[in-house]
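Trainee: Protein sequences, first through last, are from chains P and G. Taking this note's numbering, the leading residue of the first sequence gets 1, the next gets one more, and so forth. Taking this note's numbering, the leading residue of the second sequence gets 1, the next gets one more, and so forth.
Everything labelled a hint here was simulated from the structure, so no lab data went into it. Check each hint, because a few of them may be wrong.
[To be verified] Derived DSBU-like pairs: lysine-lysine, alpha-carbon spacing no greater than 35 Å straight-line: (1) P:K284 to P:K272; (2) P:K505 to P:K308; (3) P:K177 to P:K134; (4) P:K368 to G:K129; (5) P:K130 to P:K112; (6) P:K308 to G:K129; (7) P:K272 to P:K505; (8) P:K505 to P:K368; (9) P:K123 to P:K134; (10) P:K284 to G:K129; (11) P:K505 to G:K129.
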Amino acid sequence: MTGERKTILDVRDLQIVLPAGGDRAYALSDFSLTVGEGEIVCLVGESGSGKSLAANAVMRLLPEPHVRVSRGTIRLDGQDLLALPEADMRAIRGDRMAMIFQEPMTALNPQKSVGWQIDEVLKLHTRLSKAERKARTLEILGDVHIPDPASTYNAYPHQISGGQRQRVMIAMALVLKPQLIIADEPTTALDVTTQKQILKLIKDLQQAQGTGILFITHDFGVVAEIADRIAVLRLGEMVEQGPASQILLNPQHPYTQKLIAAVPALTPPPAKPVSNEPVVLEAKNLCKTFAARGGFLSGKRDPVMAVKDLSFQLRRGETLGVVGESGSGKTTVSRIVTRLLESDSGEVRIDGRDLLSASRSELRALRKDIQMVFQDPMASLNPRRRVVELIAQGPIVQGVARDAAHARARELLSLVELPPAAAERYPHEFSGGQRQRIGIARALAMEPRVIVADEPVSALDVSVQAQVLKLLADLRDRLHLSLLFVTHDLRVAAQLCDKVIVMSKGEIVEAGPTAAVFATPQHPYTRALLDSIPGRDWEPPVRDVA
Amino acid sequence: MTAPDTSSIASVSVPDMPLPPARGLVLWRRFRRNRAALLGLILFVVVVLMAALADVVTPGDPLRNAGPPLTAPLVLAANPLGTDQLGRDIMAGIFHGARISLVIGVVATLISIVIGIVIGAVAGYFGGKIDGALMRVTEAFQTIPSFILLLTLVAIFGSSIQNIVIAIGIVSWTAPARMVRAEFMSLRQREFVDAARNLGVSDLSIIFREILPNALPPVIVFASVVMATSILMESALAFLGLGDPNYASWGNMIGQGRAVLRTAWFCSVIPGVAILLTVLSFSLMGEGLNDALNPRQKK
Chain P
1 MTGERKTILD VRDLQIVLPA GGDRAYALSD FSLTVGEGEI VCLVGESGSG KSLAANAVMR
61 LLPEPHVRVS RGTIRLDGQD LLALPEADMR AIRGDRMAMI FQEPMTALNP QKSVGWQIDE
121 VLKLHTRLSK AERKARTLEI LGDVHIPDPA STYNAYPHQI SGGQRQRVMI AMALVLKPQL
181 IIADEPTTAL DVTTQKQILK LIKDLQQAQG TGILFITHDF GVVAEIADRI AVLRLGEMVE
241 QGPASQILLN PQHPYTQKLI AAVPALTPPP AKPVSNEPVV LEAKNLCKTF AARGGFLSGK
301 RDPVMAVKDL SFQLRRGETL GVVGESGSGK TTVSRIVTRL LESDSGEVRI DGRDLLSASR
361 SELRALRKDI QMVFQDPMAS LNPRRRVVEL IAQGPIVQGV ARDAAHARAR ELLSLVELPP
421 AAAERYPHEF SGGQRQRIGI ARALAMEPRV IVADEPVSAL DVSVQAQVLK LLADLRDRLH
481 LSLLFVTHDL RVAAQLCDKV IVMSKGEIVE AGPTAAVFAT PQHPYTRALL DSIPGRDWEP
541 PVRDVA
Chain G
1 MTAPDTSSIA SVSVPDMPLP PARGLVLWRR FRRNRAALLG LILFVVVVLM AALADVVTPG
61 DPLRNAGPPL TAPLVLAANP LGTDQLGRDI MAGIFHGARI SLVIGVVATL ISIVIGIVIG
121 AVAGYFGGKI DGALMRVTEA FQTIPSFILL LTLVAIFGSS IQNIVIAIGI VSWTAPARMV
181 RAEFMSLRQR EFVDAARNLG VSDLSIIFRE ILPNALPPVI VFASVVMATS ILMESALAFL
241 GLGDPNYASW GNMIGQGRAV LRTAWFCSVI PGVAILLTVL SFSLMGEGLN DALNPRQKK
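With the sequences and hints as input, model every part of the structure.
Mentor: Pasting the structure below:
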């Protein structure tokens, strides 16, 4: 970092009002932030902290008049943005400041080719001729390391991969060499290996062009990877702001300390001695192919092999992590062992009893022993049922009397640390973390031997994530459960799992005790995966947080 | 910077939640907030009262001769709304006709919604070949204009009031079926359906006890539209002279009044207004129900 930089973005005392009747009056209050030339400022906060609204306020894209700036100034290179008429603002957007969105699929127009969309930016803001525009577009596509710019120019968004789409978004943002780029969670929807490349790309291009970047994220790993300066936001209030090294290694505000403490450490706990407990869940040679349905006129497409010849064993009291990137087949595995999806071949044994060839009535009995905790705590609870009914439903189906099942459901609520009053409420009245606890209670109600957890914390904020993981680990130890834990997040896997299997394209590329796999990965894919964990070089300060 | 506050992170407990108010009460409060829906409800209550009190206010057969033919309204105390060309009291016709309209509205709607739910739910939940077969049947019904089909059915089976009600139900189930199917197709992807399967809940139970309650609100709202069109269909049949001649129905009255429209406008206009207000009441209530059944609305 070099001494004094020119300030590109200067936000002072910004206050944004929310419509009356919301959970708070202001989305943001007394929000001040500067971004200098060639500087990456990370705005960190959990969901609902107001970080995205801050970005939209700078772009003047707030859903006015319900949500509007009520006080403060926003200056871009000395020019007051809030005072500008809308027409001038349109000229600035895309030209002098640009935005990169979280979901590149929805941020690009699916009906237009990639080249057309970048060309449009140039057409709006420059007087270049058609040939010049095309040359510039191809050049910028090359700059963002798109493998074949000429063919990508004519491709439609759905024809290129997620990482490439995000590169196109970045190209669109950079094509006019803006002074400021606002990136709103630009890598959240991407796999870790892609995320690493995109972060590197953003950093390289920013250094080459001297752009100021306001980078919005919830992920401290990403922050550690990229930030020069960090601002931490909580419920619309800035709690701490400072240079990256200071905040990451020596956070002052208790909230920042808690957020950082909630980031799971990357070093797995020391391996437990080899377990001699009996095998509870065993999968042998599982295969699953998804037949791609050809359209009426488009002919047949190739079927997709989701899982290829997969075998594993899970012992009592053990946690087996299934890690991999999207499309690796890890979710398919979780659905096959719970028989929500029929396997093409292979067998799944629970305590020696075959699950895959079980008849309808046998299956109902077997389901008791293997329960699932789902990814999306909003979608996995029937919104029309009260919590007590949700939890008691399984036992009632299995033949337990209604009153007994309800009484047991109420006991389970305290086991997952929810108050008894929660029983009579509907799911939408709870926060994400609380809903996931309800999901766990529902699984426990069946007194299963195995719990299959499919990304149970990926929809939650870090601090909540830590609590839910701790609860799962506690319950596993107290109730002697076995856990099959599917996740894309290697940090989470490191903390919770005794053993991991690493999957790529439907196959296990590496398996073993977590500590060993993380310390000395054998397979190149595992190495690449571990290498891509954002902030892997950053060791969060260990402190006692009450 | 503000005072350190760690509560949002540290605590997971739900701060003592008061018990939620009863569901019915919540629905009523939401419904009440929509003024237009309240007006609809009032109109509906008036129609119900007219049907209930028909024998008290206008006793006797509404089809009998009750005064001089073609008396204008507000001329004779015995026939406040006037009489038609056969001397039948229009007020009696309106009160007794309310019964027919309500019976047709409610029963035909029930028939069409039940058929629609069953077909839509099965098609949407199972998908694949079952869906294909059921949807082809639905399309077969949809390609024939519903009123033509209704005319055909009534022409074949006769125009007794029961046949008319059943026929209206049979011609109007396709739209609810498609709606339920669409709801089921999106809902069956939701994880709570997998969760229920994982607990060992049977398909039938998942369809009717897990998914259906979630799919129902738009169907209930749509039912108000079906009710309105059912009443209109019956009126249209009666207008064409295919109504059940043994009952005083608003459609019958308009159909017969048509002959004297130039000289005695009130013979058709008064039952016409009655139909208008009844249909309006259903659609206004439908809108209110839409608000009331939306769980995202405030309590």
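Trainee: Can the restraint linking K505 (chain P) and K368 (chain P) be considered satisfied, given a maximum Cα separation of 35 Å?
Mentor: The hint holds at about 31 Å.
Trainee: Between the alpha carbons of K177 (chain P) and K134 (chain P), is the straight-line distance 35 Å or under?
Mentor: Holds, at about 16 Å.
Trainee: Straight-line Cα separation of K308 (chain P) and K129 (chain G) no greater than 35 Å?
Mentor: Cα-Cα ~28 Å, so holds.
Trainee: Quick one, are K130 (chain P) and K112 (chain P) close enough, alpha carbons at most 35 Å?
Mentor: holds, 17 Å
Trainee: Are the Cα atoms of K284 (chain P) and K272 (chain P) separated by 35 Å or less?
Mentor: holds, 25 Å
Trainee: Starting from K368 (chain P), check that the Cα of K129 (chain G) is at most 35 Å away, please.
Mentor: Roughly 31 Å separates the two Cα atoms, so the pair holds.
Trainee: Taking 35 Å as the top limit, are the C-alpha atoms of K123 (chain P) and K134 (chain P) close enough?
Mentor: With a Cα-Cα distance of about 10 Å, the restraint between K123 (chain P) and K134 (chain P) holds, given a limit of 35 Å.
Trainee: Straight-line Cα separation of K505 (chain P) and K308 (chain P) no greater than 35 Å?
Mentor: holds, 8 Å
Trainee: Taken at face value, is the distance from the CA of K505 (chain P) to the CA of K272 (chain P) at most 35 Å?
Mentor: Roughly 30 Å between the alpha carbons, so the hint for K272 (chain P) and K505 (chain P) holds.
Trainee: What's the verdict on K284 (chain P) and K129 (chain G), does the C-alpha distance respect the 35 Å limit or exceed it?
Mentor: Roughly 32 Å between the alpha carbons, so the hint for K284 (chain P) and K129 (chain G) holds.
Trainee: Does the alpha-carbon distance linking K505 (chain P) and K129 (chain G) stay inside the 35 Å limit?
Mentor: Holds, at roughly 31 Å.
Going through the hint list in order, the structure satisfies each hint without exception.
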